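Keeping the supplied structure of chain D fixed, place chain B upon it in accordance with the hints.
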Amino acid sequence: MTEEIIITGFGGQGVLSMGKIMAYSGVMQDMEVSWMPSYGPEMRGGTANVTVIISSERISSPIVRHFDTAIILNQQSLDKFESSIKPGGVLIYDSNGITRHPERKDIVVYRVDATEEAARMNSSKTFNMIVLGGFLKVKPLIKLENVIKGLKKSLPERYHNLIPMNEKALKRGIEIIQKV
Amino acid sequence: MKKELRLMKGNEAVAEAAIRAGADGYFGYPITPQSEILEYLMEANPAETTGMVVLQAESEVAAINMVYGGAACGKKVMTSSSSPGISLKQEGISYIAGAELPCLIVNVVRGGPGLGTIQPAQSDYFQSVKGGGHGDYHLIVLAPASVQEMADFVDLGFDLAFKYRNPVLILSDGAIGQMMEKVYLSQQKERSKVFPDWATTGKPATRERNIITSLDLDPNGMEMHNHKLQAKYNEIREKEVRYEEFQCEDAEYLLVAYGTSARVCQKAVQLLREKGLKVGLLRPVTLFPFPTKRINDLSGQVKGILSVEMSAGQMVEDVLLAVNGKVPVKHFGRMGGIVPTPEEVVENLKSKIIGG
Chain D
1 MTEEIIITGF GGQGVLSMGK IMAYSGVMQD MEVSWMPSYG PEMRGGTANV
51 TVIISSERIS SPIVRHFDTA IILNQQSLDK FESSIKPGGV LIYDSNGITR
101 HPERKDIVVY RVDATEEAAR MNSSKTFNMI VLGGFLKVKP LIKLENVIKG
151 LKKSLPERYH NLIPMNEKAL KRGIEIIQKV
Chain B
1 MKKELRLMKG NEAVAEAAIR AGADGYFGYP ITPQSEILEY LMEANPAETT
51 GMVVLQAESE VAAINMVYGG AACGKKVMTS SSSPGISLKQ EGISYIAGAE
101 LPCLIVNVVR GGPGLGTIQP AQSDYFQSVK GGGHGDYHLI VLAPASVQEM
151 ADFVDLGFDL AFKYRNPVLI LSDGAIGQMM EKVYLSQQKE RSKVFPDWAT
201 TGKPATRERN IITSLDLDPN GMEMHNHKLQ AKYNEIREKE VRYEEFQCED
251 AEYLLVAYGT SARVCQKAVQ LLREKGLKVG LLRPVTLFPF PTKRINDLSG
301 QVKGILSVEM SAGQMVEDVL LAVNGKVPVK HFGRMGGIVP TPEEVVENLK
351 SKIIGG
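Residue numbers (our numbering), protein chains in the order written: chain D, 1 to 180; chain B, 1 to 356.
Isolated chain D, as found in the complex:
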């Protein structure tokens, strides 16, 4: 089993940290992982992306151009990466700020309105965990309990009091994600 994922959106949306938590969760589940961030000029332009690969085998290339799953969090990223999803692959997106919705018919599209939900929950910072929850529902490769373990590993101890809030957000994401 190998899952090649790209997460992409604005800087500040928690794209890189979502990828990091995903990777840590994979480690907790005894899987091979790689986390390859964009660190180049595109970061300076305000968008960020990260490629996460989770596999039961040794990972060959950490850099891939076609993905099993794309988690897309803004319009620029949708324009850029919709075509990079493998046929039969999955696109998860947040419709907030999206003016042109996904158009491909040979992929499965899911919508998780995490921005709206985070505002409703009054915790905009857990936005990325709502999205991650949605991913867990669609692609149950990692168990929720391992994500919580991953969170504990990747967050400094002084922030461990925030874990219950993140867990709530993850569960909310599992509930609200919808197939389009």
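Keep in mind the hints are simulated off the structure, nothing from the lab.
Keep in mind that this is a model prediction, so the values were computed, not measured.
Heads up, a few of these hints could be off.
[Said to hold, decoys possible] The calculated EDC-like cross-link candidates involving lysine to aspartate or glutamate, where the alpha carbons are at most 20 Å apart (straight line), are:
#1 Lys182/B / Glu57/D
#2 Lys86/D / Glu347/B
#3 Lys182/B / Glu3/D
#4 Lys149/D / Asp30/D
#5 Lys179/D / Asp113/D
Chain B alone, transformed into the frame defined by chain D:
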């Protein structure tokens, strides 16, 4: 002994491994994409635990000369930079090689020439394996292809450096420096309290002075010194070649690639094998010494070889020398900070080697 598992960036792994290897000093200057090495060491502050010195020098030139000084005292010292910074260090590196001192240098390569770009590249191959600075010298060059090897090669690098009294270069790139993977860290080693007998640690009454220099104004003496260096490089060529093979046993075509390119090529081998093409990959782990003999042997078995690098074609020259005309050898690469995709490698093997 049980090793500690962490998820780390390649750059962080180098830094943590340096502390655990019992290094005495790190002297650096920030440059993307390797600044995390210096940042991690500064935050870890090993001065309080192992006593390791971490110092941000005023420039790359100062950093490499601090390494020269530390190494002359028999200390386990290192520096790191990325391409333009490594160019600045070349004078010092040549002196260190000439004075036969051990040290570890890490180059997290970015696209060039000049200031170039901050994205990954492999265009410093010639500089790394053919000299870089002036004079007839070689570094021992290790090419990690994973975060695990970024950590492992710190310890290995120091061992080789002290064994041969020679600078060792870890030739990495922006992708391996920036990506996170699982890494098993070794146990903390104590910093050495004994120093090699050549080190300049103060002259006791019981022995002659130790002199560290790269200078000999008498050309006869200098030629003798050069013969000694060349004999050492030949010994390294005989004993220290390291490489890894993927599915070479029945291969009819061969890819040769190191570092990030080798990871991309592993995926290309998978894709090609799925299509029924018998393709293998040879990954040089040491670039100096180069696995010349193994590539020559394999050229008796395969119909053609594609060398894949993130450069205009540098390592391909060493592959051509190794193959010595036995089978066609071609190059495929991307430049300026672009990493080739597995699909591009597949297409190029087909068009340049299998089809041609």
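Cross-check of the supplied hints:
1. A C-alpha spacing of about 13 Å is found between Lys182/B and Glu57/D, which places the hinted pair at or below 20 Å, so the restraint holds.
2. For the given pair, Lys86/D sits about 18 Å from Glu347/B by alpha-carbon distance, which is consistent with the 20 Å threshold.
3. The hinted pair formed by Lys182/B and Glu3/D meets the criterion: a straight-line CA distance of about 16 Å does not exceed 20 Å.
4. Proximity of Lys149/D to Asp30/D is assessed by CA-CA distance (about 12 Å); at most 20 Å being required, the pair is judged to hold.
5. About 12 Å separates the Cα atoms of Lys179/D and Asp113/D, which keeps this hinted pair within 20 Å; it holds.
Checked against the numbered hints given earlier, the structure satisfies every one of them.
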